[in-house]
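J.: Once you have looked at the hints, place chains B, C, D, E and F on chain A.
The chain contents come next:
6 protein chains.
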Amino acid sequence: MQAKSRIQGDIEFDRDGRQAGYLRAPLSRNTSGWGVTLIPIVVVKNGSGPTVLFTGGVHGDEYEGPIAVSGLARELTPEEVSGRVIMIPAVNPPAVNNDTRLSPADGRDMNRCFPGDPAGTISQMIAHYIDTFVLPHVDVLVDLHTAGHSGDSALSTNMHKVDDPALMAKTLALAEAFGAPYNVVFSGVDEFATLTSAAERRGIVTIGTELGGWGRVHVGGVKVGRRGVRNVMAHLGIAGGKAETDRPTRHMVVPGPQNYSFAPREGIFEPCNVVGDTVKAGAVAGYAHRVDEIDTPPLEVRYAADGVLWMSAGPGRVARGDVVAVVMTDYEG
Amino acid sequence: MQAKSRIQGDIEFDRDGRQAGYLRAPLSRNTSGWGVTLIPIVVVKNGSGPTVLFTGGVHGDEYEGPIAVSGLARELTPEEVSGRVIMIPAVNPPAVNNDTRLSPADGRDMNRCFPGDPAGTISQMIAHYIDTFVLPHVDVLVDLHTAGHSGDSALSTNMHKVDDPALMAKTLALAEAFGAPYNVVFSGVDEFATLTSAAERRGIVTIGTELGGWGRVHVGGVKVGRRGVRNVMAHLGIAGGKAETDRPTRHMVVPGPQNYSFAPREGIFEPCNVVGDTVKAGAVAGYAHRVDEIDTPPLEVRYAADGVLWMSAGPGRVARGDVVAVVMTDYEG
Amino acid sequence: MQAKSRIQGDIEFDRDGRQAGYLRAPLSRNTSGWGVTLIPIVVVKNGSGPTVLFTGGVHGDEYEGPIAVSGLARELTPEEVSGRVIMIPAVNPPAVNNDTRLSPADGRDMNRCFPGDPAGTISQMIAHYIDTFVLPHVDVLVDLHTAGHSGDSALSTNMHKVDDPALMAKTLALAEAFGAPYNVVFSGVDEFATLTSAAERRGIVTIGTELGGWGRVHVGGVKVGRRGVRNVMAHLGIAGGKAETDRPTRHMVVPGPQNYSFAPREGIFEPCNVVGDTVKAGAVAGYAHRVDEIDTPPLEVRYAADGVLWMSAGPGRVARGDVVAVVMTDYEG
Amino acid sequence: MQAKSRIQGDIEFDRDGRQAGYLRAPLSRNTSGWGVTLIPIVVVKNGSGPTVLFTGGVHGDEYEGPIAVSGLARELTPEEVSGRVIMIPAVNPPAVNNDTRLSPADGRDMNRCFPGDPAGTISQMIAHYIDTFVLPHVDVLVDLHTAGHSGDSALSTNMHKVDDPALMAKTLALAEAFGAPYNVVFSGVDEFATLTSAAERRGIVTIGTELGGWGRVHVGGVKVGRRGVRNVMAHLGIAGGKAETDRPTRHMVVPGPQNYSFAPREGIFEPCNVVGDTVKAGAVAGYAHRVDEIDTPPLEVRYAADGVLWMSAGPGRVARGDVVAVVMTDYEG
Amino acid sequence: MQAKSRIQGDIEFDRDGRQAGYLRAPLSRNTSGWGVTLIPIVVVKNGSGPTVLFTGGVHGDEYEGPIAVSGLARELTPEEVSGRVIMIPAVNPPAVNNDTRLSPADGRDMNRCFPGDPAGTISQMIAHYIDTFVLPHVDVLVDLHTAGHSGDSALSTNMHKVDDPALMAKTLALAEAFGAPYNVVFSGVDEFATLTSAAERRGIVTIGTELGGWGRVHVGGVKVGRRGVRNVMAHLGIAGGKAETDRPTRHMVVPGPQNYSFAPREGIFEPCNVVGDTVKAGAVAGYAHRVDEIDTPPLEVRYAADGVLWMSAGPGRVARGDVVAVVMTDYEG
Amino acid sequence: MQAKSRIQGDIEFDRDGRQAGYLRAPLSRNTSGWGVTLIPIVVVKNGSGPTVLFTGGVHGDEYEGPIAVSGLARELTPEEVSGRVIMIPAVNPPAVNNDTRLSPADGRDMNRCFPGDPAGTISQMIAHYIDTFVLPHVDVLVDLHTAGHSGDSALSTNMHKVDDPALMAKTLALAEAFGAPYNVVFSGVDEFATLTSAAERRGIVTIGTELGGWGRVHVGGVKVGRRGVRNVMAHLGIAGGKAETDRPTRHMVVPGPQNYSFAPREGIFEPCNVVGDTVKAGAVAGYAHRVDEIDTPPLEVRYAADGVLWMSAGPGRVARGDVVAVVMTDYEG
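Residue numbers (numbering that gives the first Met the number 0), protein chains in the order written: chain A, 0 to 332; chain B, 0 to 332; chain C, 0 to 332; chain D, 0 to 332; chain E, 0 to 332; chain F, 0 to 332.
What the hints contain is simulated information worked out from the structure, not anything from laboratory work.
All values derive from a computational prediction rather than experimental measurement.
None of the hints are false.
Chain copies aren't distinguished; within one or between two, either way the pair holds.
Calculated lysine-lysine pairs in the BS3-like style (CA-CA distance at most 25 Å, straight line): (1) LYS3 to LYS160; (2) LYS222 to LYS241; (3) LYS241 to LYS169; (4) LYS279 to LYS222.
Same shape as in the complex, but just chain A (with noise of 0.2 Å):
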């Protein structure tokens, strides 16, 4: 028997044909005590077949995802699908509502949040609310991100390094069918509070995406998201048609720490490089300028690895300790 959750919804996911409608989230405010946040959902569902979780708007500032699923909930009707689509395009609106990664509600970020609580505070209840209620319908999640305001970067596709290897061969191959110009495999990482980690531990076939950042939409980053969504249904069997590229995916692995570099001191972080230019171990990935001091010098930041720039820094203002470059590198398998 499922535990209990204060969010309510009228979706009956077994249900065939289209339902459009909302989960509503008690937030209890200074002006509505009973007050709500409306989380849309679309769920199209057409006889039997695989299902697949579109999310987007974990965070509240990456836009490529919500983009990309809000118009395929637009458009999708049941007569393209053989299977089940659900499609979450703002799964924290308080967070998309205030244009910031962490929920102005409650100050968390959803996505350290998972499994949730459904006694916790509202983002706690949400991840709980997907975590139970939800996921257990799911067969394949893509969870679409984008860097936010932290940083920019390559258009790309990720996924955890899983031990049983038909699974990992299953999400290289989802993937390979999204059609990213680059797919990341992270290894050794410590992820227990995502939603992709949460969806793993269910079993579930798991990719995220990194489609931009800056806290800019982006022009392509839209382009591989709406065509991502589509070729994933293509490539499961869920719709017709098949995953269209431009080039083959690109696998590559970001190992651990060991490919970051870090701000060495608080100021003003100038680049040297745009995310997808390859680079060198050791060359000079920027400068930490200090431009409200005469004569203090800026210190030189150099890459830990070489490879392919993954991410790059966001905002101009960075703080000791932030992360500015992440390198990948080619995927051995």
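T.: Structure of chains B, C, D, E and F alone, referenced to chain A:
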């Protein structure tokens, strides 16, 4: 006789050699009643010759100018100079250290505060000092800006259309010497309270720049900025060498609001182009989305003119009435 | 043995006579590491007899209950009493002194925190103390609320529909004795984390009240509240006299969300009725306006059921999904 | 010649027909340097005849005026009009959208900012525009207000006592035509910086309104407001029909602070009456409670004059010195 | 004729006897549009004789002056007085009640607002009232301050070096009469916007005090303050008795910034001395630490002059440029 | 096996020599999703011998401990050591850099968060790491505190009364070795969630310190702190030399709340003594003033016990219920 200011500085503008110090602007805080904000200033003078003023950091989240000007301020020696170079890389330290356009100390946009007020708030007080105690020494002003967090900009200089043909020619030549890919002439704009307008009222030859935006440090913008300040010194005969550029500057014009597109509602704005793209009047500039609402179609926004995209939307989330696209057209003189 | 709490109090619940003091709840602040919040509590006991607990100020902007309970706490003498009366007129002092529903110290709605946590935030800590150290002494709870800034309410008591017919009858009789114009039975509601639910889990006969709202002190609500606490004591035989009312209490029911109307969008909500009005399902309940947009027509909101308007919208400005009308219908037992 | 403003609008006040648009007031934000606030304005003109200006939303939490004026602005056609009707239903959009009296953009009460300043903060800039560019076209001003979150008001118009008997008579007639239950004459009040005072300085016949408060939308206040703006047009001969009311307007006077009662200390204020009640000087107006202190008796507050209660306290929690009651007495001319 | 103010008060300065009341300064708040801040004022007058004004609480976190002045205001009777004593123990109630130097209502330091502005923000409005309506009655001003949260001060009076030798002598004598351990003469300081400067512009004999700091109430500072206000009255012949002190006041001078030491960077500042210590130019005044960085050595700060330490750093954490030590040297006349 | 933590560090506790680095605690921010807070840690180990842990900066506004511990961490070499010294001078960097007792990242007092939670907020996460990954290596803990902004303290160590006589004797000896003027034994206190209590639960010999307060850096407190950490190493045989003090430590006791005095109301508290003064039960400890009210007499607060004043009030402005005086009496064993 000059008006008084509560800001104190030790620079003697008429002394030969290099002077580097701070303007001490009083900023009473709750934990430091006699607190100050320190504005870095470096002056390098040698013999006679024109005076150029390079300013950055009038807004606190525009990085390329402060990087270029503070670099020059560390490196430039009197031996290289015939004339005088005044460098203020962070005119607005409270905003620079807060990483925001507006000053956190008084909520003001300093570039709407000129000619300032010595008894006003900190932004007004600094504006007054620059206008009253620095500008009278200046022949040429280059005030370096970017689109900050408000958008992205095609790398460019800009200038007002001025009535005096000789001054107009001089300003066009100065912009051309700076060597950005584009130079944009504004006409018919009321910019009374900006630093560049204040400079023009004093008969100073004046240009601004737009060297990036999206809240990131633009790799190419830094390059153009660093080269531009050197080019300007060469052009004015203050330093040796000659102005270098990749290609000739293309002179453009933005005659007024008729070249702007605005957000029709609050939501996420997906642009169709990036700055520098050639666009057509009436073509779709982008879409305003409501990703947390089901079945709400995006609204189309269209370009208002033929030309090249100069400014694009900044944050993914826009408010009703925000500028989301500015098109520039070729300048016919 | 009872769980520990960091809250300290001197009240001996079993002592005859009047005791008046404060619970000292530790609240570490930046300027007072050993600071506390002081929760007023008055106990009047005389011989044997049932124990009633009157609580107010669980939310900080609901005034009629605190006024009635603090008045009783100043006036009630042991001579008047057979049994025990526990009075806590301001359960949540940080919220009361901040004039808000939520506690400014932790951002929590205390009435979503029961049964609390002795190691949690201040609202959780107080909830735990009430649940663990006060409720075990209690036979009957009257928890006085209003609609706060969220809306206005028809003057009423309320109660959950409970399964045990004897307890149900006792609770209905208690509500009738309180003597508000209406008594509302909720059914099918998940209210796990409220004070009244916590009391019910302990077998306590429990009612709540709604005695006004709109952020104002309701002249009639204060009158009903003052009379109600006296009526309850008379009804239970704790004090002499008999329950007085203007007219018999009308028992009503709100079976669930089907009796609610919601705001269809953000904007100003103009209601068509005030609480206590008789309304019809399908009739216009009000209009959602966008007064800062030209030519945007208001959206109609309609009533969801026939009956009497129990709750109306609070602030003029509402968010999408806010409750703007709740209709109650006659209770058939 | 008129002073400059940074606010731009397209309305041509002398053109016949209906014009609906926005004044674009520049409001530099951290994420939109060229951002604006959009002030809706509708002008309906037909032939010659007097000009009336209806304004609402000078304060952001006073709803009845904006509802009435925006409704009229949507509906009114040139055919109905002889003369000119200018309608600005939301003069202060930052405050309206923030649901507060004060503007969140500069912390100002716009109704303390007239005649404004084109180089000041946003509230001063808008005040200046209204005063300098709109009022010169106006013969009659009706500025619609309520008591906002500060209190409740008997439904009323109000006006200053003016020295010119003819103007006084005209103003009384205008108020009577509006048709609220009461019309209140202020005398001896320094209101230099309000919109109505600014209008009077230009010789405009001017009234204000108080149509509710407590932060709610007053059902009766909306009705009186809607009818009132139509009545005024009929009275002035701008529109046909004749002024309708339920009963004749009762003219009252509030001669000065001697009719006010003030909160003697911080705490919860329990009033004894609601607006419209007849009250006696020296009778208890209410009680100031300290519900979080044991054994602190409430302080009595008494009425300062005989008459009818015009304004009552707003929020339950008041500060020392707040106005908690204003009594109006019959106007003797 | 006097300029207008929106502040109202009932004090008749020319009436004999004791008058105690409040100046009502309008402070429109979101929940109280007609709200005020109440400034306590007590005037005790008897016959002819000079007028002294004692002010405290111009800054909200400087306690010794308000304690001394409010105590005198409670106790002083007309019988004790020949002349007039005006006492305003809390000139800036919004700051006093917020426990901050700056006013929370407008973010201003009131002691940078003189001579004020009747149409400005609340701090400017109060400054204007004091300057325009109170100072004209005054012969002698004692404005009591401390170092607040900015630092600690040796117990002292202070004064500006004035040009008129007779006025200079009178002021030195007044300071000596007050009887603090030290009296500090400032010279060459631009203090245009302070209360004491405003008083000097009106020819008033004026001193200030520094009676402690560090945000605490200084036991010795209260004693010196209480005695000082009595001593001043005796010295002026307003009250009987004679000025009492423990030891003669030592006259010192702080000629300008050359006696100050500044924090060279942000961090924790460890001083080597406390106020009143004798120090040597070039000796170590303290160390600027970075306790959250490993292996970053503290920076030494040295004294700028020989003398006695007048002011020391306040909070442990300082910003770059903050004053951390001010040395006073013996005054030679 | 140890529980997991999301905090990462490179220190190998069993390695000989000096290791200096940072614990990287993940702190997702709106502008740095992969941001961290860096906790400095230095370990100096040489051969076998006991392990002492010195901690500072659990609260962010207590400076003397961080100064003493970071100084030791810079200077201590393996050659000086027999055993192991672990130094964490800034346990709580978000609070240290914000200069506040509570963490600005989660609003928590970290010294109320032990034993912590690896999935909790940042303060809970750090507390958990210290408890789970550091304390198991430790024999002796000295956790350095002051009274912060809450008050001032007589320079002292402190300890809990523990049941085991041998452990009690060891702890008293440790405190005596530290060599502060006073050592205070607490008894009967519930301090479950503090760092020192967490250490005691692991059988670690534990003392705390109070080395100043009032938000300033105490010159004498730094001296005692620096000497104390050296003395403790000497006492434990970890370093050579012998413990040095000015005078023998006086052992005192604070048995519970009966030795505390509390503020009876909100206002400015004027104390009559400074810490270290000998005081008598019933004597006036100070006065609670209302300086912004005329004719409101101050309330007297009296001492609750005979002894020496250990803690005095901190900020001048106190809230009702705040601790304003704590008296310690001689410890009789």
